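Student: Sequence:
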Amino acid sequence: MLAWLDANLVSLLNGLALGSLLFAISVGLSLVFGMMDVLNLAHGAVYLVGAYVAVALVGSGGGVTAFVAAVLVAAAVGALLGGALAGMTQATPHHLDQALLTLGVALVVADLLAAVFGTDVHSVPAPRPLAGSVQVAGQTYPLYRLLVIGFGAALAVAVYLIVERSALGAVIRATVADRAMVGALGINTRLVVVGVFASGAALAAVGGVLAGPILGAQPGLDEKVLLLALVVVVIGGLGSIRGALIGALLIGQVQVLGVALVPEYASFLLFAAMAAVLLIRPAGLLPARSAVPA
7 MLAWLDANLV SLLNGLALGS LLFAISVGLS LVFGMMDVLN LAHGAVYLVG
57 AYVAVALVGS GGGVTAFVAA VLVAAAVGAL LGGALAGMTQ ATPHHLDQAL
107 LTLGVALVVA DLLAAVFGTD VHSVPAPRPL AGSVQVAGQT YPLYRLLVIG
157 FGAALAVAVY LIVERSALGA VIRATVADRA MVGALGINTR LVVVGVFASG
207 AALAAVGGVL AGPILGAQPG LDEKVLLLAL VVVVIGGLGS IRGALIGALL
257 IGQVQVLGVA LVPEYASFLL FAAMAAVLLI RPAGLLPARS AVPA
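Start counting the sequence shown at 7; every next residue gets the next number (the working numbering).
Misleading hints may appear alongside valid ones.
Okay, derived cross-link-like pairs now, SDA-like style, lysine to any residue, Cα gap no bigger than 20 Å in a straight line [to be verified]:
{"hint": "1", "residue 1": "230", "residue 2": "273"}
{"hint": "2", "residue 1": "230", "residue 2": "127"}
{"hint": "3", "residue 1": "230", "residue 2": "105"}
{"hint": "4", "residue 1": "230", "residue 2": "100"}
{"hint": "5", "residue 1": "230", "residue 2": "123"}
{"hint": "6", "residue 1": "230", "residue 2": "120"}
{"hint": "7", "residue 1": "230", "residue 2": "47"}
{"hint": "8", "residue 1": "230", "residue 2": "281"}
{"hint": "9", "residue 1": "230", "residue 2": "280"}
{"hint": "10", "residue 1": "230", "residue 2": "272"}
{"hint": "11", "residue 1": "230", "residue 2": "109"}
{"hint": "12", "residue 1": "230", "residue 2": "269"}
{"hint": "13", "residue 1": "230", "residue 2": "114"}
{"hint": "14", "residue 1": "230", "residue 2": "277"}
{"hint": "15", "residue 1": "230", "residue 2": "115"}
{"hint": "16", "residue 1": "230", "residue 2": "263"}
{"hint": "17", "residue 1": "230", "residue 2": "259"}
{"hint": "18", "residue 1": "230", "residue 2": "270"}
{"hint": "19", "residue 1": "230", "residue 2": "188"}
{"hint": "20", "residue 1": "230", "residue 2": "292"}
{"hint": "21", "residue 1": "230", "residue 2": "266"}
{"hint": "22", "residue 1": "230", "residue 2": "110"}
{"hint": "23", "residue 1": "230", "residue 2": "113"}
{"hint": "24", "residue 1": "230", "residue 2": "240"}
Between beta-carbon pairs, the in silico distance windows are [to be verified]:
{"hint": "25", "residue 1": "15", "residue 2": "86", "range": "14 to 24 Å"}
{"hint": "26", "residue 1": "126", "residue 2": "101", "range": "31 to 41 Å"}
{"hint": "27", "residue 1": "90", "residue 2": "65", "range": "20 to 30 Å"}
{"hint": "28", "residue 1": "229", "residue 2": "129", "range": "14 to 24 Å"}
Quick caveat, the hints were computed from the structure, so don't treat them as lab data. Small disclaimer: the values here were computed from a predicted structure and weren't measured. Don't be surprised by glycine CBs; every beta carbon is placed ideally from N, CA and C.
Put together the whole structure using the sequences plus the hints.
Tutor: Below you can see the structure in the form of structure tokens.
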């Protein structure tokens, strides 16, 4: 066992890095769909916007200032897109209508990005101070990917404390449970919904920037990321932060180890893992306690 861990340590760490990125992307999707009952298929397009923001601002320079600026700009653009999508979907309460509307938005955004940046694969350099490698248990590993793992852990703690342990989180959960009652108390529930939607989209766009040095940016990446995020949400359980984290880490390992060990079955393993979880726990590993509003 120890020999296997030593031989596959780099792959395991890569799985943690991918899982951290998937958590940043999928936690917003999980909250919006699981708690606000809105099916947003434009989530992957918002991620791709963040990736191309990194291409535009970081370019080939790799400076820390440019990278931080890309994160801030991507967060702002993602929040604006999320707010706009929240406004659009408020008028379409049925899931099929939401899916068609947000899918149309995703296609328009993807075409606009392809028109501006072309169809080539763009790479994004890691910030220069983080471009080196360090020794981890005798293995050489990129420092930037360790930072991504640390970011994922910090984000998981922050989102959990905000949603589950803060007054703001209590308002969000109350809005999910009984929107009319919360509105009667003088709280603008529409603003709460827009805020959750915008925050989730901002995290997806930031995930696009952070994933730039690992996955780059190219047309079609939004569809792959959306598919992975949906698998994470289904495995973890709708509206669950802990479920999104566990699902993201699980899928990160399945995806990376599958490609490394059995590349011909990598795609099969992804959906096999989802099917296995759903057979045992149809609602996901850790579904949210809050009921989805009618």
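Student: Which hint numbers doesn't this structure obey?
Tutor: 4, 19, 20, 25
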